[in-house]
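Chains D and E supply the protein sequences, listed in that same order. Residue numbering for the first sequence is 1 to 528, as defined by full-length UniProt numbering. Residue numbering for the second sequence is 1 to 528, as defined by full-length UniProt numbering.
No wet-lab data here; the hints were simulated from the structure. All the pointers check out, no bait thrown in.
For lysine to aspartate or glutamate, the following EDC-like pairs were computed, each having C-alpha atoms within a straight-line distance of at most 16 Å:
(1) K105(D) <-> E134(E)
(2) K105(E) <-> E133(D)
(3) K105(D) <-> E133(E)
(4) K272(E) <-> D139(D)
(5) K105(D) <-> D120(E)
(6) K86(E) <-> E133(E)
(7) K70(D) <-> D123(E)
(8) K272(D) <-> D139(E)
(9) K70(E) <-> D123(D)
(10) K105(E) <-> D120(D)
(11) K105(E) <-> E134(D)
(12) K86(E) <-> D139(D)
(13) K86(D) <-> D139(E)
Protein chains: 2
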Amino acid sequence: MAFTFQINNQVKFNHDQRLLEKATQYKPIIHYHDVVPQSIVELVKDSTKLEGWGTTFIKKASELPNLKLKRDQRVILDFGDHYVGKFSIDLNSAGSPMDSPLFIKFKFAEMPAELKHQSDDYDGWLSKSWIQEEYIHLDVLPTHLELPRRYSFRYVEISIIDTSPKWQAVLTNPILISETSVNSKDVMLPNIKDTELQNIYQVGLKTLEDCMQDVFEDGPKRDRRLWIGDLRLQALADYATFKDVDLVKRCLYLFGAMTAEDGRVPANVFTKPRNLPDDTFLLDYSLFFISILDDFEKFHLDREVLHDLYPIAKKQMNVALNKIDQNGHLVIDDDYPVFIDWSNDFDKDTAGQAVLIYTLRQFIDLAKIMGDQEIDQYSQQLQLLISYSQTVLYDPAQGLFISGPQKEVNIASQVWMVLAHVMDDANNNEVMTNAVAQLFPITGIATPYMYHHVTQALFEAGLSNEAVKLMKQYWGKMISLGADTFWEAFEPDNPNYSPYGSPILNSYCHAWSCTPVYLIQKYLIGEG
Amino acid sequence: MAFTFQINNQVKFNHDQRLLEKATQYKPIIHYHDVVPQSIVELVKDSTKLEGWGTTFIKKASELPNLKLKRDQRVILDFGDHYVGKFSIDLNSAGSPMDSPLFIKFKFAEMPAELKHQSDDYDGWLSKSWIQEEYIHLDVLPTHLELPRRYSFRYVEISIIDTSPKWQAVLTNPILISETSVNSKDVMLPNIKDTELQNIYQVGLKTLEDCMQDVFEDGPKRDRRLWIGDLRLQALADYATFKDVDLVKRCLYLFGAMTAEDGRVPANVFTKPRNLPDDTFLLDYSLFFISILDDFEKFHLDREVLHDLYPIAKKQMNVALNKIDQNGHLVIDDDYPVFIDWSNDFDKDTAGQAVLIYTLRQFIDLAKIMGDQEIDQYSQQLQLLISYSQTVLYDPAQGLFISGPQKEVNIASQVWMVLAHVMDDANNNEVMTNAVAQLFPITGIATPYMYHHVTQALFEAGLSNEAVKLMKQYWGKMISLGADTFWEAFEPDNPNYSPYGSPILNSYCHAWSCTPVYLIQKYLIGEG
Numbered sequence: 001m002a003f004t005f006q007i008n009n010q011v012k013f014n015h016d017q018r019l020l021e022k023a024t025q026y027k028p029i030i031h032y033h034d035v036v037p038q039s040i041v042e043l044v045k046d047s048t049k050l051e052g053w054g055t056t057f058i059k060k061a062s063e064l065p066n067l068k069l070k071r072d073q074r075v076i077l078d079f080g081d082h083y084v085g086k087f088s089i090d091l092n093s094a095g096s097p098m099d100s101p102l103f104i105k106f107k108f109a110e111m112p113a114e115l116k117h118q119s120d121d122y123d124g125w126l127s128k129s130w131i132q133e134e135y136i137h138l139d140v141l142p143t144h145l146e147l148p149r150r151y152s153f154r155y156v157e158i159s160i161i162d163t164s165p166k167w168q169a170v171l172t173n174p175i176l177i178s179e180t181s182v183n184s185k186d187v188m189l190p191n192i193k194d195t196e197l198q199n200i201y202q203v204g205l206k207t208l209e210d211c212m213q214d215v216f217e218d219g220p221k222r223d224r225r226l227w228i229g230d231l232r233l234q235a236l237a238d239y240a241t242f243k244d245v246d247l248v249k250r251c252l253y254l255f256g257a258m259t260a261e262d263g264r265v266p267a268n269v270f271t272k273p274r275n276l277p278d279d280t281f282l283l284d285y286s287l288f289f290i291s292i293l294d295d296f297e298k299f300h301l302d303r304e305v306l307h308d309l310y311p312i313a314k315k316q317m318n319v320a321l322n323k324i325d326q327n328g329h330l331v332i333d334d335d336y337p338v339f340i341d342w343s344n345d346f347d348k349d350t351a352g353q354a355v356l357i358y359t360l361r362q363f364i365d366l367a368k369i370m371g372d373q374e375i376d377q378y379s380q381q382l383q384l385l386i387s388y389s390q391t392v393l394y395d396p397a398q399g400l401f402i403s404g405p406q407k408e409v410n411i412a413s414q415v416w417m418v419l420a421h422v423m424d425d426a427n428n429n430e431v432m433t434n435a436v437a438q439l440f441p442i443t444g445i446a447t448p449y450m451y452h453h454v455t456q457a458l459f460e461a462g463l464s465n466e467a468v469k470l471m472k473q474y475w476g477k478m479i480s481l482g483a484d485t486f487w488e489a490f491e492p493d494n495p496n497y498s499p500y501g502s503p504i505l506n507s508y509c510h511a512w513s514c515t516p517v518y519l520i521q522k523y524l525i526g527e528g
Numbered sequence: 001m002a003f004t005f006q007i008n009n010q011v012k013f014n015h016d017q018r019l020l021e022k023a024t025q026y027k028p029i030i031h032y033h034d035v036v037p038q039s040i041v042e043l044v045k046d047s048t049k050l051e052g053w054g055t056t057f058i059k060k061a062s063e064l065p066n067l068k069l070k071r072d073q074r075v076i077l078d079f080g081d082h083y084v085g086k087f088s089i090d091l092n093s094a095g096s097p098m099d100s101p102l103f104i105k106f107k108f109a110e111m112p113a114e115l116k117h118q119s120d121d122y123d124g125w126l127s128k129s130w131i132q133e134e135y136i137h138l139d140v141l142p143t144h145l146e147l148p149r150r151y152s153f154r155y156v157e158i159s160i161i162d163t164s165p166k167w168q169a170v171l172t173n174p175i176l177i178s179e180t181s182v183n184s185k186d187v188m189l190p191n192i193k194d195t196e197l198q199n200i201y202q203v204g205l206k207t208l209e210d211c212m213q214d215v216f217e218d219g220p221k222r223d224r225r226l227w228i229g230d231l232r233l234q235a236l237a238d239y240a241t242f243k244d245v246d247l248v249k250r251c252l253y254l255f256g257a258m259t260a261e262d263g264r265v266p267a268n269v270f271t272k273p274r275n276l277p278d279d280t281f282l283l284d285y286s287l288f289f290i291s292i293l294d295d296f297e298k299f300h301l302d303r304e305v306l307h308d309l310y311p312i313a314k315k316q317m318n319v320a321l322n323k324i325d326q327n328g329h330l331v332i333d334d335d336y337p338v339f340i341d342w343s344n345d346f347d348k349d350t351a352g353q354a355v356l357i358y359t360l361r362q363f364i365d366l367a368k369i370m371g372d373q374e375i376d377q378y379s380q381q382l383q384l385l386i387s388y389s390q391t392v393l394y395d396p397a398q399g400l401f402i403s404g405p406q407k408e409v410n411i412a413s414q415v416w417m418v419l420a421h422v423m424d425d426a427n428n429n430e431v432m433t434n435a436v437a438q439l440f441p442i443t444g445i446a447t448p449y450m451y452h453h454v455t456q457a458l459f460e461a462g463l464s465n466e467a468v469k470l471m472k473q474y475w476g477k478m479i480s481l482g483a484d485t486f487w488e489a490f491e492p493d494n495p496n497y498s499p500y501g502s503p504i505l506n507s508y509c510h511a512w513s514c515t516p517v518y519l520i521q522k523y524l525i526g527e528g
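The following block holds chain D by itself, in its conformation from the complex (with noise of 0.2 Å):
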């Protein structure tokens, strides 16, 4: 995720050494692979795919050497699936000597669509340095270069801005080094007979492997970074894939030595150059370190973790509860928002509430095993939560929970209050079949993120079919538009949307969307 944007550089924050000490102690060791391209493509109209360009083949990459490149020729190289790593190539010179420099360009593109737009040509928010690209001058030839950053790609344009009228450019042995600390390799492939949701699962665990590097990143090609929502849906796909504990571990660790001052786990936090926590906090996020933890003690219950950490989940808890009012309701300030979805132009108000719930539940099961004497306080809160929702929140008349002053009905409140087990299995097998008669197709939401819990909640609900059918039209159609690996964001009535602006800029390998190889696990072949 990328799209909140908070500025609170006055906040003050704790740094504990002994939790940050355990954060180290868990870095894992990131293994690098050499991956030659496939083939040297062009880019071609193709109205079945993202923004309407697919690639067509032009030859084998080893015919690369024998192309000598003057001013304005390009290649594009394919290396056949999505990557995470560094580049490298030979270039030399052909022709006479080398009497000017070597100006050459790099773009790195996660989609052919990307290639297809000018840098020049983005002028949104987000910073214009996330495009992956590089101008390099090279004054000698031949040289080897190792270009230093890191990259999230399949394909790479090589373009010459110049050589000189006398001498062209030669290009060999382009190498992708490809960094992750996983290897999908080692992974047990489930028994799926339905094809359309292998393929779905396939790129749902690439996406996840190309994310988990020295943290789990919500995107390897922007921000590169720990956020808890993220966290949250990578740590329940690694359990039913990877079931890397490691990393998880450490994730959590970094969260709980970077609170805020008051005790708040921030939204996200840096690790280079140094573990830094950022100052953007939301409160739906910092409740989710809550459910990171239970999650994480229900596939491993680890003490060590438990006893270290239970004191700040308590906290995010109870910086909660303060805020809900005698009657149970959850008054959310904008000083510290809930996420629940990119979109601002729904109420979030009902689904803060389901949020709270549903990490309410989960707090009092990690209580549980702390022997909390507190305990029964929090039941009784979580009575209250809850007695409002049901007598307040949902409306017997539709069968569907309202939200905000104006009695709002949207999807994100039923997929939330399904979730929390707000009510009774069959009523909430009532609120998502009317939400599907309703609600469906869904519209505003660009995000996997909230597409999970509407699938989730589906399930949840025993609408198994409805859930397997939304999985296909969202996720098996980014498959059919040309995804390698699953999309930050994608409105399945808008495919070419980029919050953005422009695809340059879009993540098109991102954590918060790789959850079908969970979903697929723990609903439709069980929780092995």
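Using the hints, position chain E against chain D.
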């Protein structure tokens, strides 16, 4: 120089290892000095400066770290004088944590006018790769950035292409690490009373200093290479100032070691990534190998160099003499043209003939020292060439030399015939007096290279006042337009002229323009 364009990449070359080893033996030590900027400046319109752009003081450079720079902001640092070298700077972020890479551009300029031109607007034939700018992404701050390439500049414009809305870039400790193989502080400055000439001398000295690197470069911005035409003038200027004989020896050996299989010396050679001759051949440049060797021996008699290189010098002369007809007329063909000047809008026949006479005189001087048995044949050829020049090319009615089938009267013919002393002193004086009367102000000539020969011809013809006047009008005018070093190209009537269509491709520190130090020393102070 750079304007000449030939492709002869089928030509095979000799590589005389013994001579190349001697060239390596005389490799200079490069001296490095840290230079800090004097001020932060801004461009201002100033009709008295090149292209109408000067600079104005904004802040002391020491205030740079106080600036917090955002998207599209920029600063121009002024180092106070022209230098050749590398650039380093420390970068940090201010504000919220750095949630995106820094994308930053550095543009290095010798003259303020360069900063007004965008590289994207340039579409000339000369390689865009010469434009001195770099685009850099930095993923993590703080960092110490050392740009690996060498630039030629006084100004560096630092543009923040993007940070993010959450943080700003902070720049500290900008350093220019200057490079040259000499030091103008080691030169005992002559006592010049005329302050205008004093300034011209100083700027010429800086020009020469900045071009004296691993070889005598033509221009440190572009093409950074050893050209024989520039070398001849640089060596003369060096004898008048730094008196660095080793660098001249190195360059003579480089040319002597890498002749074409037919024996011709190429017009220029490369030394990186290895010693390599260019495939450009110019008859006058090949002959100047003789001239450089003779000038060197006259400054510093060195039997070893002479013995090593005399055969190469003799070969150049023999190739040229093979091209004279029975009447003593040098017949120049298109495959092996004379350079004389960039302009191809005048007939070069007579100037070429004069260069042959000029260098044949020097060759005979060398042949005498060597005791060459064939010396009489060369003396006979010299008489034949002179006789043809006096009787056919000199037009007594006009008191000027004519050139080519159209009997064209141009400045180059007069100048070179005077330099070659084809006529006696009285006649030379008459020719140059007529030239001043009829051909001044000079038009269509944009090179200090040609202006040098005009000025020297005026001195040789006894017209010192005219010579000094021209020096002030030409080199002095560059200074008044803002030159810190003298330029590759300058046409006084059209001061904004660029042979490449844009000042960003111009070389504003160019070896062949440094010669006032030589002319002032030789003709105004005495050959001391």
